[in-house]
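Asker: Spelled out from the first residue to the last, the chains are:
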Amino acid sequence: MLILRVLTNEPLHGYAIAQRIHLLSKEQLSVEEGSLYPALQKLLMKGWVKATPAVSETGRQVREYRLTASGKKQLDSEVDEYRRVTHAISTLLSNA
Amino acid sequence: MAPEWLRRAWYLVNRRRFERALREEMDAHRELMREPRRFGNDLRLREQAGDAWGWTWLDELGRDLVCAARQLRRSPGFTIGAAGMLSVGVGLNLAVFQIMNASVFRPLPVRDLASLVRFTWDSKDGRSRNVPYRAVAAIRARNSVLSAVLTRNPSMAIWEDGDRPLVAMFVSANWFQELGFDAARGRVFREGVDDQPDAAPAVVVSHKFWEQRLGSDPIVVGRTIHVNDRAATLVGVAPAGFPGVRYDNTAIWIPVAQIDYFTPGNRLKDSWDESTFLYARLQRGVSPAAATDSLRAVFEDLSLERPELFQRSD
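Chains as they are written, first to last, in numbering that gives the first Met the number 0: chain H, 0 to 95; chain W, 0 to 313.
Looking at chain W on its own, in the form it has when it is part of the complex (with noise of 0.2 Å):
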């Protein structure tokens, strides 16, 4: 019988088929249930999963590791005695190291990525989860240290008359733009344009969707297409290479304002149990220990607001 942590590196090699293979049986047994609904939630599970191995750390190191090198730039004494402290540990771990550099290690190509923070919402009990998206408008509105809040909320959703679900990415409307991307066709969403409640339907597709669903049709902007049966205007093509702040394999993105259109029954913007990934970027010169003190009081009314939320024990 092969040790745990040859089966935790074999799963690490083959990650992409393994997490293929779970997506497939996941969608498999919806199929067979009478309530595909109880299933839950397909992305939340399929992170769960693949935390189970064990490997999260790893992402979340290459994460660090790009805010670290930009704190030991400034110290360079430090630098040397760590460098040689580190590389014994690195030496050990090369061969993970170099499997896993190409996509992990790679920063993220966000602009300005030491402002870009994200929020966890911690309970007493230590365990994180996301925000409650109805917490999101208050943050917005009386914080004094962000420059822009930014959400987004994995959702699968049927193109067209397609058979198989695809990730729909329910973002807020400065997504792209706070990220520092504009479109490689079309428009990429605006703010004060596609966060309004009268606002046209419409959906950003990713560069590979484009190419692999739409053939690379150069005149697809501005074609009227279907998600969930509903109809909405195609406005733009992501570049390619888009980031995602995770693994991310979104095809479409849709303003989260029109979550209600896309999804009816969604209870996101009701309800204080439906979470969001929540992102913030901080105002200049701002540190995220000064604008962690500076949330505190927003929270602290919220907890007066709605203290069961700062109780659950579950």
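Isolated chain H (complex conformation) (with noise of 0.2 Å):
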């Protein structure tokens, strides 16, 4: 969800997404960075995100991704789930 949250402004390389995301998460998320990968071969594999080649800042060769609007369609229902349940839980947390 977060990966193709941060997909939604601008196509990134794997690298800016990693940076994209510890930012915008106010640095509270720091994963393995290279755990990336394997979540966006599996975007890449539902079809929610495309790879399109392109040039990383040291003049490597490297893949940009490009939110799809099946990615988008995805997204927006994760967000819904993910708001529903949140509301469940804060709902029976301050009721209990």
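To be clear, the hints were calculated from the coordinates, so they are not data collected in a lab. Do not take every clue at face value.
Unchecked claim - The list that follows gives simulated cross-link-like pairs (lysine to any residue, SDA-like), each with its CA atoms no further than 20 Å apart: (1) H:45 to W:10; (2) W:268 to W:292; (3) H:41 to W:4.
As the list claims (entries may be wrong) - So these bits of chain W aren't anywhere near chain H, every CB distance computed over 12 Å: (4) 21; (5) 26; (6) 48; (7) 271.
C-beta: ideal position from N, C-alpha, C; glycine also.
Hints in hand, dock the two standalone chains.
Answerer: Quick look at the structure:
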């Protein structure tokens, strides 16, 4: 979900995605950065993102990931689902 | 929009190209990081990325088929019935099978494949992972069903003053001999020599590496080379096509006993969190099922000594 979210504004390559997640989460989320790549493969397989060749800041051949229409739909439904669950949990916590 | 199965088939057909692109971008990523160590284990991540496409079963199937073929030869009545049923499925998948045939269904050309087994460490949540390296010594010392225990530990290393890391495999000293291979030039590692604490640092290079990076230099054996800026002797060249146990692009092998020398600060031998690929040879006449039963006792002892290892839920 986080990856799809950071790709809504613009296509990004792997390192930029990791940076963006780190920054947007106010540096609260810091995962092993490499684990981004298995996740990206999954998104590619599902057709939620598309990869195009690009060149990194250091001049290396990388891929830029772009959200597809079905990826956008998936993000919306995941965000809805997330809101529904967190709402349910917070209701439960405040009433229990 | 292409359906998912088509993307997966496309991946399968272009697998090498996809894997190369992935490696490139992961290298590029690490280059940009201030603390490249936080990237994680390269090989493990690449295997996980490959697994995401859902073809791992095909690799495994290839190995399972070899094993099954042996069983079937012993009971031909069953073979005929099973062959009839299977051919329907195989017919449907023929396109895929032909593509994979060359690389996957070729059985590993190692000595006595039937007695070679691999260990994984299964946790209660159903996930399996590799075995903590610290457990290897106990398994080796306490079992009565294995004739040899082999380990391999993939790592990245820098050759001389190269700018790109290559795959270095830290292996038990019996690795080549147990798989049934001698060196194409020089020697392979030897038990009792390369597993000793005072052994001279030694490296075996792959045949491909010898051809491509060393220009097939005929007098390369015995030369002093540097891996991760550490001096070592190039003791041998592996035979062409020396098998990997999975997709293997190992460029050099180093005895695991010397891992501290080549990669200072690594914790393989000290930490229960560092795991290894673990294989073994079953003693003659011991079936995998009997070996499992017998090894259960070893693991029960281990679980008394290190209960937390058997309770992790991550």
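Asker: Look at each hint and say if it fits the structure.
Answerer: To see whether the hints hold, each was checked on the structure:
1. Restraint check for residue 45 of chain H and residue 10 of chain W: the C-alpha separation of about 12 Å stays at or below 20 Å, so the hint holds.
2. Using a Cα cut-off of 20 Å, the hinted pair residue 268 of chain W and residue 292 of chain W is violated, with the two alpha carbons roughly 27 Å apart.
3. For the given pair, residue 41 of chain H sits about 13 Å from residue 4 of chain W by alpha-carbon distance, which is consistent with the 20 Å threshold.
4. With a cut of 12 Å on Cβ distances, residue 21 of chain W falls inside the contact zone with chain H, its closest approach being about 6 Å.
5. With a cut of 12 Å on Cβ distances, residue 26 of chain W falls inside the contact zone with chain H, its closest approach being about 7 Å.
6. A beta-carbon of chain H is positioned within 12 Å of the beta-carbon of residue 48 of chain W; the least distance is around 4 Å.
7. With a cut of 12 Å on Cβ distances, residue 271 of chain W stays outside the contact zone with chain H, its closest approach being about 19 Å.
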